[in-house]
Amino acid sequence: MDRFVWSNGLLEMNETLVIQQRGVRLYDGEEKAKLDAGVVLLSTHRLIWRDIKNHECCIAVPLSQIVFFEEQAAGIGKSAKIVVHLHPALPNKDPGPYQHSKFSYIKLSFKEHGQIEFYRRLTEEMTQRRWENTPASQPIPTATGSQTGRTRAVGIVGIERKLEEKRKETDKNISEVRDLGQGAKEMVELSRSIANKIKEKQGDITEDETIRFKSYLLSMGIANPVTRETHGSGTHYHMQLAKQLADMLLAPLQERGGMMALTEVYCLMNRARGMELLSPEDLVNACKMFESLKLPLRLRVFDSGVMVVQLQSHNEEEMIASALDNVSEKGSLTSEEFAKLLGLSVLLAKERLLLAEKMGHLCRDDSVEGLRFYPNLF
Amino acid sequence: MHRRGVGAGAIAKKKLAEAKYKERGTVLAEDQIIQMSKQLETFKTHLEEFASKHKQEIRKNSQFRVQFQEMCATIGVDPLASGKGFWSEMLGVGDFYYELGVQIIEVCLALKHRNGGLITLDELHQRVLKGRGKFAQDVSQDDLVRAIKKLKAMGNGFGMIPVGGSYLVQSVPAELNMDHTVVLQLAEVKHIMRSEVRWEPEHLLKEGLAWLDTQAYGDPQYWLPALFSELSARDITPDEASQMVP
Chain A
1 MDRFVWSNGL LEMNETLVIQ QRGVRLYDGE EKAKLDAGVV LLSTHRLIWR DIKNHECCIA
61 VPLSQIVFFE EQAAGIGKSA KIVVHLHPAL PNKDPGPYQH SKFSYIKLSF KEHGQIEFYR
121 RLTEEMTQRR WENTPASQPI PTATGSQTGR TRAVGIVGIE RKLEEKRKET DKNISEVRDL
181 GQGAKEMVEL SRSIANKIKE KQGDITEDET IRFKSYLLSM GIANPVTRET HGSGTHYHMQ
241 LAKQLADMLL APLQERGGMM ALTEVYCLMN RARGMELLSP EDLVNACKMF ESLKLPLRLR
301 VFDSGVMVVQ LQSHNEEEMI ASALDNVSEK GSLTSEEFAK LLGLSVLLAK ERLLLAEKMG
361 HLCRDDSVEG LRFYPNLF
Chain C
1001 MHRRGVGAGA IAKKKLAEAK YKERGTVLAE DQIIQMSKQL ETFKTHLEEF ASKHKQEIRK
1061 NSQFRVQFQE MCATIGVDPL ASGKGFWSEM LGVGDFYYEL GVQIIEVCLA LKHRNGGLIT
1121 LDELHQRVLK GRGKFAQDVS QDDLVRAIKK LKAMGNGFGM IPVGGSYLVQ SVPAELNMDH
1181 TVVLQLAEVK HIMRSEVRWE PEHLLKEGLA WLDTQAYGDP QYWLPALFSE LSARDITPDE
1241 ASQMVP
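For the protein sequence lines, the chains are A and C, in the order given.
Note that the first sequence covers residues 1 to 378 in the working numbering.
Note that the second sequence covers residues 1001 to 1246 in the working numbering.
Fair warning: there could be bad hints in the mix.
Simulated restraints, written as ranges between beta carbons of each label pair [as the list claims (entries may be wrong)]:
id, chain 1, residue 1, chain 2, residue 2, range
1, C, Thr1042, A, Arg271, 19 to 29 Å
2, C, Lys1130, A, Lys294, 40 to 50 Å
3, A, Val368, C, His1046, 55 to 65 Å
4, C, Gln1063, A, Lys53, 29 to 39 Å
Distance condition first, Cα-Cα at most 27 Å in a straight line; then the derived DSS-like pairs of lysine-lysine [said to hold, decoys possible]:
id, chain 1, residue 1, chain 2, residue 2
5, A, Lys288, C, Lys1149
6, A, Lys340, C, Lys1112
7, A, Lys185, C, Lys1112
8, C, Lys1149, A, Lys32
Treat the hints as calculated values from the structure; they're not laboratory data.
This structure is a prediction, so every number in the text was calculated from the model and none was measured.
Using N, Cα and C, we set each Cβ at its ideal position, and we do this for glycine too.
So here's chain A without its partners, still in its complex pose (with noise of 0.2 Å):
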């Protein structure tokens, strides 16, 4: 932590703010700093970092400074972290918080998380250096790399061996990743070819083994076109879930006037069911089948592209007629006020309006202020 100097957290001409992230501690080697959690802000110059309460407590250390960094998992009541190895401060550096350190290096701890992308734009700052190439109007003093110490050299050789590890280890990943692809590549050719032959009707495929392909397409997330236009996407595990839906959805849709977004759907359907959730593509092939089931739901898509359960029983004239009313005895009402009048929310309140627009009973005053609809008297 010697290696920081005081600072107004100003950027020069030149430099400019990469990322920020809040909630970092700063760790002095091992131990905490005797700082709060603040701000971290990485710069194309500089690390900055400010204490969140006391804007003026402010420090930073050049980027130039640091030999290396790497992550540190987060562990059981544990932050994830950044290590960040540095140079020995300049002998001429201005003041800073510590005067004095044992460590050469420190730690960031991600209280409220956001290392990830830090890790990555570091990395990127780190690669291109561009601090070299313009050099901020006040000269941050940059550590030259021939500040080279006996016992910096040993700890590098350290540092070294453990990337080296690290590489070989990514290696080992990556190549049985591609491993893993290459026997799913074997099988999106195969379906290919199957796919292909369904679509000349050549051979005397059953229904059933369509079924069964589908659904094989299904377990290896295969895209198949050519069964879509002839046997719709659904399987049998969407017919299932289309059931599900239709008892799950029956009270929520009663309570919303009849109609509910997808998304609304999806956020309700995977909130309860915390574990194996549905992908939005699920749920949108499972709501397509409502009709063929003879399900009381039904999947509606606006002109606007917004995409709705809604009940089957819902009646459309009785909607419209009861819009009307509403906007009748108002005297005009917007999107917001309406879906406040009826419990909506604000994107099917609109919906509603439109429609009964659509049909001749409203009209609308488009201004600056706002879309709102009048009783269509001509």
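Starting from the known structure of chain A, arrange chain C on it as the hints suggest.
Leaving out everything else, chain C in the frame of chain A:
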């Protein structure tokens, strides 16, 4: 299991079909389906092995997730297509992204009254992290982007507009045509639009994506709440927001 026809006529027909295909040297589709089913079993075993070694890593290591996703894209599989897919069931990749999808939707919904349904990827990232809480797994912006791409299937206007080096995330089906996206990109650089830029601000005002400041010195100025970096440091209640709207 499907029983092929057992009558003599059916057998003859089958033999004819087989002969026809053997002539051409092609394999019957039915046989290929059987072959695929066998390959699937083998693959499942490999995937189980892989999962036993790497399942934790995938959840913890965003770089590994990126490599995995890229491999899938190269061979033509979508590991996030279905929660019923092997990838999801055995590797748990699905739950990771689908849950993230829920969190993204919730953040966008909560802020819509303030920014009209447009938010920077940076701000979305910060807020999602906050919502996930201290003990949850960290997520990268790449993770968010992939989750958002999946949300598009639900037709609610989720989209991403490239701005500067990053993205603006749109969560309402407002039509943003070319001109507007250029405007948003300019605003990213200046934060304040000057009226000498030739475009029609009314559309953005109506959609709640821009605010008009008539009290500024000189020309009226347009602000885009999605790009307020000071405001993203604290929360405003809907009441405060409605007081701010001109």
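Status of each hint after checking the structure:
no. : hint                                : result
1   : Thr1042(C) to Arg271(A): 19 to 29 Å : 37 Å, violated
2   : Lys1130(C) to Lys294(A): 40 to 50 Å : 45 Å, holds
3   : Val368(A) to His1046(C): 55 to 65 Å : 60 Å, holds
4   : Gln1063(C) to Lys53(A): 29 to 39 Å  : 34 Å, holds
5   : Lys288(A) to Lys1149(C)             : 20 Å, holds
6   : Lys340(A) to Lys1112(C)             : 15 Å, holds
7   : Lys185(A) to Lys1112(C)             : 42 Å, violated
8   : Lys1149(C) to Lys32(A)              : 41 Å, violated
Checked against the numbered hints above, the structure breaks hints 1, 7, 8 and satisfies the rest.
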